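**Student:** Here is what each chain is made of, one letter per residue.
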Amino acid sequence: MRMSPWLKNEYLIYGILLVLLVTYVILNHSLLSVFQIQSLITSSAPYFLVGLGESIVIIAGGIDLSIGYMVSLTCVVVATTAATVGVPLALLVGAAAGLINGLLITHFRLSALVTTLATGSFFFGIALHILPTPGGSVAPWISTIAENNLGPIPLVAFVLGLILVLTWIVYYRTPTGRYLFAVGDNLEGARQSGIDEKRIRVGSYVAAGLLAALAGIFLAGQTSSGDPNIGTPFTLNAIVIAVLGGTSLAGGVGSIGGVVAASFVLTVISDIIFLTNASSYLQYIVSGGILVLVLGLSQGVRIVRSISRHSEGRQVRQG
Amino acid sequence: MIFRGQIETWLWKDGHRQVIVAYLAAIGLFVLGSIFIRGFFGWGHILAIASTAGFVGIVGIGQTFTLITGGIDLSVAYMLNFGALLITGITLGSNHQLLLGAVVVAVVAALTGLVNGVGITILKIPPLIMTLSMNSILEGAALLYSNGTPQGASPPLLTTLATGAGPLGIPWMVWFWAVVAVLVLLLFRRTVFGRWTYASGSAPRASWLSGIPVNRVVIFVYVVSAIAAALAGLLLAGYSGQAYFGMGDSYQLASVAVAVIGGTSILGGKGNYLGTIAGALILTTLTSLLEVLNVGASMESMLYGVVIIAMMLVNRERQSS
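Heads up: the sequence lines are chains H and A, in that order.
Going by my numbering, the residue at position 75 of the first sequence is 75; the numbering climbs one at a time, nothing skipped.
With positions in the second sequence counted from 1, the corresponding number in my numbering is that position plus 319.
Bear in mind the hints are in silico, worked out from the structure with no lab data behind them.
From a predicted model like this one, the values you see are computed outputs, not experimental measurements.
Cβ atoms here follow ideal geometry from the backbone N, Cα and C, with glycine treated the same way.
Some clues are possibly wrong.
Just so you have them, the derived chain A footprint on chain H, three or more residues with Cβ under 8 Å [stated by the list, open to error]:
(1) 109-115
(2) 128-138
(3) 211-222
Generate the whole structure from the sequences, applying the supplied hints.
**Tutor:** This is the structure:
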């Protein structure tokens, strides 16, 4: 899996975000209001959480197709347990789910793709078993954090900010962060230089589980209920955000800013679809089309370039 | 004597052994059910299992061969669903438009497979991302086509094919699956194209260097996969009498499961549709055991996950020993 040259750094996604924001402002006939910025942050929160989790796993050289179902499972757990234990229990469930993924993939050396596809089905089954249809109840303070503002700033922005700072510190100021990128870049090399690669890789899946749990808790708070199907679209969206945000599918490359921008991009697109009164079903086509389009176009450009280089070379030789 | 020797060599080839083990497991599971559950044993139940297994068995055609080429097709869920929605929407429950509907579905499926294949080979998009994205695109297309509410009903002919009894008291579905299976086995085990498929999966670069049109082979395999999923969609619409959203969801993982149970390697290059058939029979027998125990859809979803992990662990042991 070679890296697409357009995604080698996250500048592309900043460009896309800028263009989309300008489009949004033009369609909206006015500049962004405080309320719109607030709702932009709140709506992109779950996208950001799952996207960051997927990005960490992909940086370490893996892939996680169970993220959406971990969101569903933890959302259902929060909505069906007592107010006091709901959140810690959901986080524990998320971490445990990630641990299962990590152990199966690293210690039993199973394919990450098929393993997480299978565990995803398992987690979905548990979620369905706990709560077959949407319902349950959520502690009011969770809904408060998910929906209310402190002054002009949404409360959830503080949580996201804390996660951003923590991730930045781990990525760039701790050995664990350096090992994470090293393991993804060159697994064998990292192993030979004495890095406990299994611990790092298992850790990446646990981090994804924890972030998925936060997304599940957030969604439960936002809707004040549990829904076993709420996480299904998040698996694809998590991969889309991670890769659009500059995370290399080959591992070892990824940034935090790109993930933030990419999760805004998905939210702004759905806002634009809403604003233009286009069918909300288009959202599925956008989610599916955007990554294919970007990856496909960049490869297409590479093919065209190599063809034109060939013909140039021929002309030079003839001359 | 030479003949007997040939059989022995055939039996002990690695891939064939896995297929035989899968069939023995299917029989063993059925015997186990018959011992412990009253009314499980019976010719009628065997036929019912074979008939139900046909749906996932047909989706499994695509999954087996995309896995053999080293890829995966995660767009089968909504290819199946879109196929079912198109056929009920076009025919509106009458046999007159069935041919037209089938042609439309076939064209849509072939184009979908073509886009998947071109994206994966020429545009170098990883199969996982290409097909998972395609699944979302097809879901959007299906929602746009039906505007969120499925129209029409399945033509009676499809319902007969999916649920009716055919010659010798054997369901039409079993006959149909058998014919499709023979065609698939002939294509992939007895033609040059079949050998190319296996070669492309086990050693893509070496295959390309020795003149095999690897890209065209992979593209064709994704076209076959999309058509197989859409075909299962038509049959499932016939079975339910209508189409509904989410009808393909459980086939996503089930199709991977039946291929893996039947000995198809997720690393590519190895696999046999004969094994996938056994895998479909095993998974359907397991599901029917669970149904008797009345545990519901949630257990089914958990079961698929556990079965795939278990099979991967078993195959891993075999590779290392």
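**Student:** A separate judgement is required for each hint: does it hold in the structure or not?
**Tutor:** Structure-based check of each hint:
{"no.": "1", "hint": "109-115", "verdict": "holds (count 6)"}
{"no.": "2", "hint": "128-138", "verdict": "holds (count 3)"}
{"no.": "3", "hint": "211-222", "verdict": "violated (count 0)"}
Checked against the numbered hints listed earlier, the structure breaks hint 3 alone; every other hint is satisfied.
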